[in-house]
Every structure is written in structure tokens, then in C-alpha cells.
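Each chain, written out:
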Amino acid sequence: MSWLVVARKDFEDSIRSRWLQGLTALFVGLVALIAVVSLRLSTGGETISTNALLGAGFMGLLSGTLVPLIALVIAYSAVTGERESGSLKLLLSLPHSRADVVFGKVAGRSAALSTAIIVGFVVPAVILAAGPLSLDIVSYVGYTLLVSLLVSVFVAIAVGWSAAAPSQRIALGGAIGLYFLFVPFWDIIQFPLQIAISSLPEWVPVSGTAISNALFLLNPASAFQGLTNALLQGQLFAGETAGLQLSALSMLLFWLLAAPLAGLFVFQRRDL
Amino acid sequence: MSAIQLSSVTKRFDDVEAVRNLDLTVESGEIYGFLGPNGAGKSTTINMLLDFVRPTEGTITVLGEPVEAAEAELRERIGVLPEGFDVYSRLTGRKHIEFAIDSKKADDDPDEILDRVGLTDAADRAAGGYSKGMAQRLALGMALVGEPELLILDEPSTGLDPGGAKEMREIVEAEAARGATVFFSSHVLGQVEAVCDRVGILHEGELVTEDSIEGLRSASDSEETLILTVDDATDDDLDPVRRLEGVSGAAVEGSMVTVSCESNAKTDVISTLGEGGTEIRDIETESTSLEELFLSYTDGEGVVEKDGRGSTPAEPPAASAPEGGQ
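If you're matching them up, the sequences are chains A and B in order.
Residue 114 in my numbering sits at position 114 of the first sequence, and the numbers go up by one each step.
Residue 144 in my numbering sits at position 144 of the second sequence, and the numbers go up by one each step.
Because the hints were derived from the structure by calculation, they are not lab data.
Just so it is clear, CB atoms sit at the ideal spot from N, CA and C, and this is done for glycine as well.
Some clues are possibly wrong.
[Unchecked claim] Simulated coverage check for chain A against chain B, where a stretch passes if three residues somewhere in it have a Cβ under 8 Å from a Cβ of chain B:
1) 8-16
2) 195-204
[As the list claims (entries may be wrong)] Beyond 10 Å from chain B on every Cβ pair, some chain A residues (computed):
3) V5
4) V36
5) N229
[As the list claims (entries may be wrong)] Restraint ranges, calculated between C-beta atoms of paired labels, are given here:
6) A:I170 to B:G39: 24 to 30 Å
7) B:D23 to A:L145: 22 to 28 Å
8) A:E84 to B:E65: 52 to 58 Å
9) B:G58 to A:F254: 38 to 44 Å
10) A:D271 to B:S131: 26 to 32 Å
11) B:D23 to A:R18: 24 to 30 Å
Kindly generate the complete structure, drawing on both the sequences and the hints.
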């Protein structure tokens with residue numbers, strides 16, 4: 001299990017990064033801020049549940065837009081950065097294959113970022129639960145795990161891209177591009193796309209809903225949104241969207257594997 | 001079984017041929033010094049041994065396994081000190097060694113390794129604060145983990161002070177005494193001279209000579225450098241001289257002609273130049289040192305190769321009975 005050795009080293013390296021430590025602090029701060037603001041906005045003195053907190057628009061914004069950004073920032077240089085500095089030579093001088101390096105890095109960096117996220121969500125929740133916040137543990141834990149899955153998927157995409165990119169500059173450019181594609185752009189094209197789909201001619205063999213669902217699922221950020229909404233409504237893998245939710249989860253797992261594999265395919269054929 | 005075998009290996013980067021038709025064999029148990037000036041193709045060759053870079057043509061086997069098809073496990077049997085590497089700046093020296101131990105599934109004691117490479121005092125500091133020499137020691141320590149059968153060291157003395165370079169040589173000798181094969185590159189003859197069983201000299205991507213140190217030394221002993229002051233000579237005037245038996249190189253700079261040749265070829269050189277119409281005003285001879293011989297093979301300072309630069313190299317200077325290694 002050579003990739004596990006790489007993953008552990010990458011985890012130990014990543015958690016010592018100032019970036020990651022700063023981001024963890026930022027997360028703790030933002031989650032706490034959202035909680036406090038939500039409490040203030042609620043009709044005075046009442047307790048609010050964590051479900052309401054997580055369902056708040058701010059929180060969706062935090063998870064859906066900031067988490068992918070952080071993952072891309074932390075992971076875009078995973079392979080290119082090491083290649084440019086030369087530490088990749090030290091790594092590949094040891095008995096690790098290039099596949100071990102790519103998957104080890106996905107695992108190590110996902111674990112490091114998930115740790116940051118878990119700390120970021122748990123610390124404020126535990127403190128505020130002593131006060132006016134009523135903690136729904138199951139959905140809170142579920143939500144945190146889904147955020148960790150989302151961050152891992154974006155880490156996998158970034159590491160895959162990093163393995164394929166010929167230079168650090170291109171890796172950075174691509175990471176920015178991927179972010180804009182998956183986060184703001186996807187939302188912008190939704191509306192015109194819906195209109196286009198609603199006026200599909202008869203001969204197209206698939207229904208408009210199928211196309212729109214597929215597009216919705218293809219983007220890990222929106223697949224995540226679908227799953228968390230269902231979770232907070234107590235409808236995870238149940239109700240009429242159960243099938244769609246399963247597809248969303250499968251799509252996230254698909255990205256988790258396919259992106260590093262695609263990057264590895266290019267990386268295998270390249271001179272260091 | 002040979003530890004390293006390269007057969008007709010060529011590596012082209014875009015339109016540059018970094019290594020050209022290289023045949024090289026390192027036998028099990030020997031210390032092989034891979035010499036050449038910077039840019040000769042040494043690191044490219046070593047990067048190909050490690051599958052960092054793939055040959056355009058030719059085949060490479062390391063410890064009997066074809067490199068391109070080999071599993072990563074092959075590197076459990078190899079210790080590598082790569083060139084142009086960097087450490088993980090946030091991790092301590094000890095973590096690096098522990099990482100190498102875990103990676104190679106070895107059971108070395110990290111403290112023992114750190115002590116061997118002289119990093120005991122710095123072991124618990126982040127490696128980002130290490131000097132170049134300390135990073136070099138750390139990578140050597142990682143290479144020593146797991147008692148590898150083969151050590152591949154690319155310019156191991158980079159960044160080391162003379163004391164450090166001496167320790168490096170002692171480690172190389174101790175590893176060879178244990179039975180390991182050592183293949184290391186250097187652009188400094190002195191580092192290779194003291195420890196190597198055999199030396200290969202690479203120049204512009206080609207192996208120009210391969211011999212034992214004794215063989216090279218006897219070649220240099222029988223060589224002399226003839227320094228002639230002439231009225232006027234061009235490089236073309238030297239061509240007949242280069243074709244002479246026993247002449248390994250000739251060069252002209254202003255009114256100074258230097259010819260590297262065997263002692264008994266001196267009169268031929270002088271008469272050939274005279275016949276060509278060059279007037280000789282003064283004659284001096286110097287014995288050729290090993291260093292000068294190395295230079296005559298490589299950047300040609302004072303003496304250029306017999307056939308001129310860039311073409312197929314001629315035989316190494318005569319009187320070198322190859323021995324050792326084979």
C-alpha cells in the first residue's frame with residue numbers, strides 16, 4: 001500500500017502549511033459568524049436548530065462556493081509544484097509508482113482539508129450548543145461529511161489536473177478556469193439552458209428533464225447542493241428524488257476516481 | 001548479472017540530442033565513476049536509469065530488470081541521490097528518513113542513519129532551513145535506507161565542503177565494502193579518482209572513454225604535451241598532425257600550438273608541421289597530468305579531440321590497457 005505511505009506524508013506536510021492553518025481558522029470564524037448572525041436574526045431569545053443554520057443561504061454559499069475554491073487552491077500544485085521544486089525526484093526515487101503519487105496526494109490532501117472542515121464546523125457548533133443552538137447531531141455530522149466529500153472531489157479534480165499540467169503556471173490557470181466553470185458559470189448557463197431545453201424539438205430522443213438533470217449532476221458543486229438539501233429536509237436517499245440523489249452521489253464518487261485517473265494517464269507518459 | 005546496462009541509448013529533447021547511442025555496463029559490486037563536464041548528459045542518463053525520463057531509443061536494465069516495464073518495487077533495491085532535488089521544507093530531517101524507511105519497508109533506525117550522514121543535531125529541524133550541503137546529506141541518508149544493492153548518486157558532492165566530500169567518499173567505500181554497487185557522477189576528476197574501480201567519461205552525450213583509474217593514469221604517463229611557438233598556423237594546418245599515430249589532440253591559439261601525444265611521436269609532429277610550411281620558433285614539452293587528460297577528453301581546453309568536436313570520438317590515447325570491472 002505504497003500510496004498510503006505517500007498519503008500520510010502528504011497529510012503531515014499539508015497540515016503544517018500556513019495556508020491550511022489559516023483556512024481552518026477562517027472556517028471556524030465564518031461558521032461561528034453565520035451562527036451568531038442567524039441567532040440575532042431569529043426572533044429574540046429563541047433557540048434555533050442547526051438544521052436551520054445549515055439551511056441558511058450563507059451556509060450554502062460558504063460550502064458551495066468557498067469549499068471548491070479552497071480545494072483547488074490547496075491542491076492545484078500537488079504534482080506540478082513538486083515537479084518544479086524537485087521534491088518529486090526525491091519521492092519517485094523511493095519505491096512509489098506515479099499512480100501511488102497521484103492517489104496518495106488525493107488521499108493525503110483530502111484528509112488534511114477534511115480535518116480543517118471538520119474542525120471548522122465542529123468547534124463553533126459545540127461552543128454554541130452550550131448556549132442558544134440546538135444541535136441536530138445526525139444531520140450536522142452528515143452535512144460535515146458531505147462537505148468533506150465535496151472538498152475531496154475538488155481535490156481529486158485539482159490533483160488530476162496538476163498531474164496532467166505541463167507547468168505550474170498552466171496548473172494555476174487551469175484551476176482558476178475549473179473553478180469558474182463549476183461554480184459561477186454553471187449557475188449562469190442554467191437559466192438560458194432551461195429555456196433552450198423547454199423548446200426541444202420532437203425528434204430529440206431524450207426529455208428535457210433528463211438533460212437538465214444530467215447537467216445538474218455533472219457538476220460536483222450542484223450534486224452536493226442536491227444531497228445537502230435532501231439531508232436537511234430529512235429526505236436523504238428517500239422521497240421522490242431518491243433516484244436522483246443516488247445518481248448525485250455516484251457522480252461525486254465518479255469524479256473522485258476519474259479525475260486522478262485521467263491526470264495519471266497523461267503523467268505516466270511524461271518526462272519529469 | 002550487471003547492475004546497470006544501457007544499450008544504444010539515445011535521448012532527444014526537441015531537437016537537442018542529450019545522450020547519443022550510449023552503451024554502458026556497470027558490473028555488480030564495482031564503484032563506477034561517471035565523469036563529464038556539466039551538460040555532458042550525465043543527469044539525463046541517470047534520470048533514464050530511474051525512469052524519470054524515457055529514452056528515445058535503446059534499452060536500459062537495472063538490476064536485471066528493464067526499467068520501463070519495472071514495478072516501483074525495483075526501487076526498494078536501489079538507493080538514489082538525485083540531482084536538482086528539493087526537500088519537503090515543512091518536514092523535519094527525521095521525518096524524511098522515516099518516510100524513506102516506510103516507503104522501502106525497511107527496518108533501519110532513523111537515528112543511526114542520521115548519525116551516519118552527520119545530521120544528528122539538525123534531525124528535528126524542518127528541512128526547509130537546511131543548507132544545500134545538509135539537504136545533500138539528508139538525501140544521501142534516504143538513499144542509504146534499506147541497504148540497497150545499488151546506489152545511484154548524481155553529483156553527490158554538490159554543496160559539500162572538502163570535509164563533507166571526504167565523508168561522502170568514505171560512505172561510498174563502506175557501501176561498496178558491504179557489497180553494494182555504486183554508480184556516481186561527477187564533473188570533478190578528483191572526487192572520482194580516489195574511490196572508483198572504473199571511470200567512464202561522457203562528453204556531449206557520448207562515452208569518449210571507459211577505463212580503470214590505473215589505465216587512465218598509464219595513458220597520461222605516456223602522454224606529453226608539446227607546446228610549440230610558431231610564426232603562423234591555422235586550425236587546418238593541424239589536421240595532418242591530428243592524423244599522426246600517437247597524437248590524441250592538437251589545438252592552436254595565436255602563435256601557440258599545443259599537441260597532446262606520446263613521447264615517441266614528438267619528432268613526427270615537428271617534422272609534419274615543418275613540411276606543411278609552418279615555421280617553428282620554440283619547442284617546449286610538459287608531461288600530461290590525469291587532469292589534463294580528462295580535459296583533453298572533454299572541453300578540450302588546450303587540447304582538442306583528434307577528430308575535432310562533435311564528431312565520433314577516436315580511440316582513447318594509446319597504451320591504455322583496459323582492466324578491472326569486466
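Open item on the list: Hint by hint, where does the structure go against what was stated? Just the numbers, ascending.
Closed with: Violated: hints 2, 3, 7, 8, 11.
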